[in-house]
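Here are the chains, one letter per residue:
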Amino acid sequence: MVIHGVRYRPLDYQPTSRWRRGWPIAWNEFRSMFKMRWGMGIFLFILCFVPSLISLGWQFIYHGAYQIDSDVPWIEVVVGRTPRLNPASISFYLDPILRESFWVFMVLTTLVSCRAVAKDRPTDALEIYWTRGISPWGYFLAKWAGSFLLMGTVFIAAPLVVWLVGVAMASDWTQLEDSLWFMPRVMVGLIFMTAVLTYAAVAFSAFSRTPNRSSLIWAFFILGTAAAGRVLSRVFRGEYSWKAIDPWDSSKRLVEWFAGVSPWEDYDPTAAFVCLGVTLALLTIGLYRRLRHVEVIA
Amino acid sequence: MTAAQDQSRTPPAASDSDAASLSFMSVSKWYGQISALSEVSFDVEPGVTGLVGQNGAGKSTIMKLAVGLSRPSQGEVLLSGGSPRDSGVRRTLGYCSDLDRYYERVSGRRFVTWMLRLQGFSAGQAAARAAETLEEFGLADAMDRAIGGYSKGMRQRVKLAQALAHEPKVVLLDEPLTGLDPVARHDIVELIRGLGERGKAILISSHVLHELQDVAEQFLLVHQGRLLAEGGLDELREQIEDRPRKIALRSRQPRAVAARLCAMPEIIGVRFTDDGIQVETKGGSDLFGRLTHIGAEAGGLIEEIHPVDDNLEAVFEYLTS
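In order, the protein sequences belong to chains Z and S.
Once you know that position 56 of the first sequence is 56 in the numbering used here, the rest is easy, because the numbers rise by one and skip nothing.
Just add 298 to the spot in the second sequence (first one is 1) and you have the numbering used here.
Fair warning: there could be bad hints in the mix.
[To be verified] Below, simulated DSSO-like cross-link-like pairs (lysine-lysine); rule was C-alpha separation at most 27 Å, straight line:
hint, chain 1, residue 1, chain 2, residue 2
1, S, Lys450, Z, Lys119
2, Z, Lys35, Z, Lys119
3, S, Lys580, S, Lys544
4, S, Lys450, Z, Lys35
If you're looking for bench data, these hints aren't it; they were derived computationally from the structure.
When you get a sec, could you build the whole thing from the sequences and use the hints?
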């Protein structure tokens, strides 16, 4: 016979890894877009895919899935006049993101990423998280991962799907051969861009006490730096490097430069790297100060 | 044991299973030039310990330091033998904050499941354990409703459930009885007592002293950032020698009783009140036995005896005045 007594007995469970513990936060962040009232978030999210859906539709037309009866080889004519409509060109995959999706970036970051930490402050959720074995940085990384996933579905997964569908629909391997050299670089570039921009947006959210204020400051920051970049660029007689103070513009240029989009393959990326680097460094320093429990004396 | 400030304590080894569950060793905390805690040392052992103090006395600072949300400016805090900032050590901690503004739109089940996943449970384990705990806390019927629609008592239960679902060794409860109706308060007091009996070390903070007296066996009294006293209520009352103990007696013949009491050397004052007599004595708790004996000897002269200032409120008032 064994007398166990009533001493404390811990629950027998094998704790999951640190990464798996952060996953619920990341997943919740990803889903926050779809939890807006009246399905507004779902509607906006679907709208974000419009540029990529147009590219996808074009793939179907280009590869003859939808036949348009015509005596003239109009597809060749259109592609000849507008090279970016050629599915074997880099621009076909990058332009829907870099040229036509600034508003998508603004919608996703303003509604989700730059509210990530700010919305947890007023509810004191940070106090609960940080007593659960999630470190402040683990919490931040999980929030970042959630935002990255959300924006990544539009900025990374959508062009990849468009490319894969085109390759699958093509009658031969020509499209794959023509695009395989640049597609990995396009993907790396887009991953870099998404990671940098979501990091900046989520970091911004740590500096405000309310999500609405955070959204407002973020929108002012992005639109303000874009406007300032354009003005300075004009003032300094077309000196392009001034536009690099705009994070969207500088990351866009870096993607184009890295992917080898003409004429940006000869672009000097120093200014863009410096501006993005300084922005991220300042935000990280700020995070060290802000990403902690607010200590106040009662 | 009043104002026990033992500076010579050494940190227990992390592997020592008999180590105090929560130890503060000469802990001070400053916010700029304001001192929130000054040289505070104590141990919390299995059972229920009440943290008593007025608003601004340093209770919240002690809680924040104990859960690792704040670092001591000086000294050391040990939770289950390790640093409370260590994620492995935090697994042994259950914390129920006084804040009540968490996710209103999620259900109780989802909230507790989520908290367990953050604690390191797999999705399946977390869901099963959350349901089990919420049932234990009497929320079986309400667990799928949004927290926003819960009563105050139900919200407190959900908060307690998330703090206790992973069977922590140390449980820190910050004002868990605030705003509860008497029935809910009774239920939660019983629940907390039960946890203490199951070997958990529970530190419960409140500024409502009579509530704490019902639930805790040991007390930590803090005042102006200092640990004023620690120990059981009787032990603390015995230590306050400069304040005579007050005992109220009810009798049909108060004058006769008063005459007999005045003959006792430990009785230093007798006062007539509307209900009977109030006695001031320097005697210890054994005096009650002797008073009962006198009452019996004198043919049932004394109908009722009860202490006036053997409660936490009085002890705290004497120590702070």
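Okay, the hints, checked on the actual structure:
1. S/Lys450 with Z/Lys119: Status holds; Cα separation ~23 Å.
2. Z/Lys35 with Z/Lys119: Roughly 14 Å between the alpha carbons, so the hint for Z/Lys35 and Z/Lys119 holds.
3. S/Lys580 with S/Lys544: The hint holds at about 9 Å.
4. S/Lys450 with Z/Lys35: This hinted pair holds, its Cα atoms lying about 26 Å apart.
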